[in-house]
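Given the sequences, and given the hints that come with them, work out the whole structure.
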Amino acid sequence: MIQYFSGHAGPGASATLDNMHRDRKRVFVDMRQWDVPVIDGQFEIDQFDGEHAVYLISAAEDGEHFGSIRLLPTDRPHLLGSVFPHLCDGPPPSGADIWEITRGCLSPRLRATERLRVRNRLTTAAVQYALLHGITRFVCVADSGWLTQILTLGWNCEPLGEPRTIAGATTGALQIHISGRTIEQLREAGTYASVRLQLGGVATPLAA
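In the working numbering, the protein residues as written are 7 to 214.
No lab work stands behind these hints, which were simulated from the structure alone. Hints are not guaranteed to be accurate.
Here are the simulated distance ranges between beta carbons [stated by the list, open to error]: (1) Gly167 / Ala15: 28 to 38 Å; (2) Ser200 / Asp41: 35 to 45 Å; (3) Thr119 / Arg193: 13 to 23 Å; (4) Asp36 / Ser150: 17 to 27 Å; (5) Ala66 / Leu122: 15 to 25 Å; (6) Thr158 / Pro17: 28 to 38 Å; (7) Asn162 / Thr119: 18 to 28 Å; (8) Gln204 / Ile172: 31 to 41 Å.
The C-beta atom is built at its ideal place from N, Cα and C for all residues, glycine as well.
This is the structure in structure tokens:
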């Protein structure tokens, strides 16, 4: 099951969101040493975790976090446009139909095969969410580890500029084109996963 949350709730409002932020802290701060805000010593929450953020979260019924991504509208402040515009050869793409994928986080407790399964489920859910909400492009900033994975998922993506070294890691910006063909492209690449999206306790099946 993939849950999605529209808008951010502070610590204590949702076990699922709380566990996502705990894993973000473990992965980005404890393991990768990012210099990003930590709330109450346990939640990684930054300036873009606000009312306009959308979270796609793979979680158990009790709220245990397996993996998640954050989607941000690009006609409002977002990571690429506000912090990393220099990664683009021209102005960062923006518009009501262009959203940013950021904070891709897989639980460090998962085994390698489980990580791939959750990654593919989140990728498929992001595409389905885009098709349901009129999103025609995603943009993202990724370091070398995620950059390679994003490029090989099967969807139509292209670099927005030459990658640069940031904090010791090769980092680049990408845009991903979303269309009625994208699901078939994921199937052809072997990265499609059947998913069911749930919002606020109400299950909403996604088109296959």
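Going through the hints against the structure:
For the hinted restraint 28 to 38 Å between Gly167 and Ala15, the CB-CB distance of approximately 35 Å keeps it satisfied. Ser200 and Asp41 have their C-beta atoms about 38 Å apart, which keeps the hinted 35 to 45 Å range intact. Taking the beta carbon of each, Thr119 and Arg193 are about 20 Å apart, inside 13 to 23 Å as hinted. Distance hint check: the CB atoms of Asp36 and Ser150 are about 20 Å apart, consistent with the given range 17 to 27 Å.
A hinted range of 15 to 25 Å for the beta carbons of Ala66 and Leu122 is consistent with their spacing of about 18 Å. For Thr158 and Pro17, the hinted distance range of 28 to 38 Å is satisfied, since their beta carbons lie about 36 Å from each other. Under the hint 18 to 28 Å, the C-beta atoms of Asn162 and Thr119, about 27 Å apart, fit the expected range. For Gln204 and Ile172, the Cβ-Cβ distance of about 36 Å falls inside the hinted range of 31 to 41 Å, so the restraint holds.
Going down the numbered hints, you'll see the structure goes against none, and every one checks out.
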